[in-house]
Every structure is written in structure tokens, then in C-alpha cells.
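*Asks:* Chain by chain, the residues run as shown.
There are 2 protein chains.
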Amino acid sequence: MEKGDKTRADIEMIAMEMASVVGLEGLSFGELAAEADMSKSGLFAHYRSKEKLQLAVLEHARERFHIEVISPALTKKRGIPRIRALVANWVKWEDGAAGGCVFLAASIDFDDRPGMTRDYLWKTQQEWIDFLARSSRLAAEVGDFNFNADHEQFAYELFSLMLGYAHYKRLLGDKKAGQRQKAALERLLTQYSRETKEKDNASQ
Amino acid sequence: MEKGDKTRADIEMIAMEMASVVGLEGLSFGELAAEADMSKSGLFAHYRSKEKLQLAVLEHARERFHIEVISPALTKKRGIPRIRALVANWVKWEDGAAGGCVFLAASIDFDDRPGMTRDYLWKTQQEWIDFLARSSRLAAEVGDFNFNADHEQFAYELFSLMLGYAHYKRLLGDKKAGQRQKAALERLLTQYSRETKEKDNASQ
Numbered sequence: 002m003e004k005g006d007k008t009r010a011d012i013e014m015i016a017m018e019m020a021s022v023v024g025l026e027g028l029s030f031g032e033l034a035a036e037a038d039m040s041k042s043g044l045f046a047h048y049r050s051k052e053k054l055q056l057a058v059l060e061h062a063r064e065r066f067h068i069e070v071i072s073p074a075l076t077k078k079r080g081i082p083r084i085r086a087l088v089a090n091w092v093k094w095e096d097g098a099a100g101g102c103v104f105l106a107a108s109i110d111f112d113d114r115p116g117m118t119r120d121y122l123w124k125t126q127q128e129w130i131d132f133l134a135r136s137s138r139l140a141a142e143v144g145d146f147n148f149n150a151d152h153e154q155f156a157y158e159l160f161s162l163m164l165g166y167a168h169y170k171r172l173l174g175d176k177k178a179g180q181r182q183k184a185a186l187e188r189l190l191t192q193y194s195r196e197t198k199e200k201d202n203a204s205q
Numbered sequence: 002m003e004k005g006d007k008t009r010a011d012i013e014m015i016a017m018e019m020a021s022v023v024g025l026e027g028l029s030f031g032e033l034a035a036e037a038d039m040s041k042s043g044l045f046a047h048y049r050s051k052e053k054l055q056l057a058v059l060e061h062a063r064e065r066f067h068i069e070v071i072s073p074a075l076t077k078k079r080g081i082p083r084i085r086a087l088v089a090n091w092v093k094w095e096d097g098a099a100g101g102c103v104f105l106a107a108s109i110d111f112d113d114r115p116g117m118t119r120d121y122l123w124k125t126q127q128e129w130i131d132f133l134a135r136s137s138r139l140a141a142e143v144g145d146f147n148f149n150a151d152h153e154q155f156a157y158e159l160f161s162l163m164l165g166y167a168h169y170k171r172l173l174g175d176k177k178a179g180q181r182q183k184a185a186l187e188r189l190l191t192q193y194s195r196e197t198k199e200k201d202n203a204s205q
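Quick note, the sequences are listed as chains A and B, same order.
The first sequence maps to residues 2 to 205 in this note's numbering.
The second sequence maps to residues 2 to 205 in this note's numbering.
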């Protein structure tokens, strides 16, 4: 392949891997060009500014996240089975990237930096959290969870447990991170389904 | 005060605040000198290398964390009251720093960068997690929690909920972050004390 022939998707895949290690702020046209075996000017012609490159990387990551994490879970039965699939896929996503989830790495970089990158990051994270809350709502509709459960609270707790997994695994290098995450998920699911049973018992 | 008269503690307090925003890697002698109203050479004479400056900032933060988060909680009754105090103080700590907890900000920066800074970061985080597990063990000893509870698991879940709080508050700017964190803590405490009651009921 000639230099410069790489598609945007190829470039963004490489950039996403790099950003998972050095952060989105740490991405540079020079290093990315070297890694992608392109000229720096060719790369710059594609994206024009660092901010546009960052946005393109996040858009690419969002698309990959849909393909790898969300879509396969949609084939599972609504309720607890689908939630389990979402979490298992998310763990694979976190484990797969060289430096961990690019969204989490970027979140810390950008939490104090207003701008388009932060706004996009906010949107994708909020979207994912809403999706988790919706999954909890579906679980209530099929009778797996209490219908009166606070689904946004479920999303918060599930998301938190995932952050804990990434932290234990990446920073602490804790070999039990996977086991802790699984136990925490079971505890959360048990608690939400226990409330259903208690409600059922109370109404008998 | 003359330039250069600042004590290490003064410098490190300023550096800690800066690092909470720009990250430990983002700290530079030049910007810190300007912020602390010192000469860059005077500042450099104190620390000699960026790594030593980073370590000094983390040591300072660890000391502050002990003073602000851990010590005041030790005056509370062992068990659930002490755990509540630890969490409340930790939330104040997270809220107090301009850019959030310096340990969390640094964790993402250094998770992929072996070296003394990462090692120190690992040690302080592990220490805090061990402290949380010990608090759970004490809660079991005074009868607040089930004696057979998995205290390391409790520490993982509590730590995760704190990460969730920081993430919701900092990146998402979610006004309900505090409310979510409180509800999650109550849920966790209820679950651990519920297991105690169930055990008590079963043994009657």
C-alpha cells in the first residue's frame, strides 16, 4: 500500500490504540504518522487540527463500542441475560485495548477542559449510561427487576463497578479484578431481583 | 515573603492543586515556579527532577488524605458509623480539589508508565483499599456486618462507587452525583447488614 493510501478507518483504529495508552491529549500528528506509516502532511490533510483528530478518534471508538459491546448483546433475551452480555462485552472491550478503554482515559484528561472534545465525550458517556438505565427498565418489564426500581441508580452502580474493574486491573494490576467484578455484578443483580421477590411476597 | 522562602509544604500544596487539574505528568517546573512565585532554578534546587517532584506531590497528598479523610473518621465508632465518616470525608476531599482527587487523575496518567511514580501511586491506593477492607472487618467484629462477609469485596465495591461519584461529578457534571453516591452507599451497607440479619434469623 502506498503512503497516504490508508483509509480514515485504518488511521483511526491505530490512533485509538495509541490514545488508549498516551491519552487523547497525548496524541500527536508526528507520532501517529510514524505509527501509521504515512507522511505527517498527508495525515494533517485528513484532519486539519488536533481537536478534529481527537473527535474523529472518539467517533471511531463510539462506532467500535457499538459493534463490539452493544450490538452482540441485543441478540440476548431482554432483562438479566442482556445485562450480563453487555457487561461481559464491556470487560472484553476494556481488556482488548492496549491501554484500556479510550473513553475512560480521555475522561480524566478532559474533565477540566471545556471544548468540542469534552462535549463529545460527555455525549457518548451519557448515551452509554442511558443505555444501561434502559436495560434495567427492560429487566423490570420482563419481570427480572422490581418495576419500581430506580433504573438510573442501577446504571450508576453498574457503571461504577466497571470503573472499579478498570482501576483494579490497570493501576493496581490486581489479578482478582475479574473475579471481583463478577462477584459485584452478581450482588447487584441479586439485589435488584431480590427486591422483585420481596415485592411479590408482600403482595401475596 | 522573599522568593524562594516558601517551604516545601507550601510548594507541594500548590503543586497538588495544579496536578489535580493538569495531571502529575502535566506539572512543569516553569508553571509551578510561576504559580508559587518562585524562581524556576530555586524550585529545581528543591526537587532536582520531575519524577522527584511528582513523588513529593504524591507524598504530600497522602499526608493530607490521612489528615482530612482517615484521621477524623477514627474518632467515630467502629463499624458502619466509621465507614460512613470515611465516605463523607472522601467526598469532601474529592469536592475540595480544583480538579478532583489527585490520585485518581494520576492513576490514569501512570497506569501504563512503569517507574517510581507509578509504584508510589500503587502503594498509596493499595493502602487505602486495605484500610477500607479493614473497616469492613471491624464492622463484622462489632456485629454490623456478617462475620463471613468478603471484606476485600466490600472494599472493591465501595471504592468503585467512589470512582463512579468522581466520574459522574467531574466528567458528566451530573447534579445528582452526590445523591447517587449516597443511595449506592446505603444500598451496600443495607446489603452487608441484611446478610447479618439473615444469618441471625437462620441460627434462631
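Watch out, some of these pointers could steer you wrong.
The list treats identical chains as interchangeable, and a pair is accepted whether it falls inside one copy or across any two copies.
Claimed, not checked - Using 27 Å as the maximum straight-line C-alpha spacing, the simulated DSSO-like pairs for lysine-lysine come out as follows:
no.: 1; residue 1: Lys77; residue 2: Lys51
no.: 2; residue 1: Lys124; residue 2: Lys177
no.: 3; residue 1: Lys51; residue 2: Lys176
no.: 4; residue 1: Lys51; residue 2: Lys177
no.: 5; residue 1: Lys78; residue 2: Lys93
no.: 6; residue 1: Lys124; residue 2: Lys176
no.: 7; residue 1: Lys41; residue 2: Lys51
no.: 8; residue 1: Lys176; residue 2: Lys93
no.: 9; residue 1: Lys41; residue 2: Lys78
no.: 10; residue 1: Lys176; residue 2: Lys53
The hints are simulated quantities; they were obtained by calculation from the structure and are not laboratory data.
*Asks:* Against this structure, judge whether each hint is valid.
*Replies:* How the hints compare with the structure:
no., hint, in the structure
1, Lys77 <-> Lys51, "neither (39 Å within a copy, 51 Å between copies)"
2, Lys124 <-> Lys177, "between (32 Å within a copy, 17 Å between copies)"
3, Lys51 <-> Lys176, "neither (36 Å within a copy, 31 Å between copies)"
4, Lys51 <-> Lys177, "neither (38 Å within a copy, 33 Å between copies)"
5, Lys78 <-> Lys93, "within (20 Å within a copy, 42 Å between copies)"
6, Lys124 <-> Lys176, "between (32 Å within a copy, 16 Å between copies)"
7, Lys41 <-> Lys51, "within (12 Å within a copy, 30 Å between copies)"
8, Lys176 <-> Lys93, "within (15 Å within a copy, 31 Å between copies)"
9, Lys41 <-> Lys78, "neither (47 Å within a copy, 62 Å between copies)"
10, Lys176 <-> Lys53, "neither (37 Å within a copy, 29 Å between copies)"
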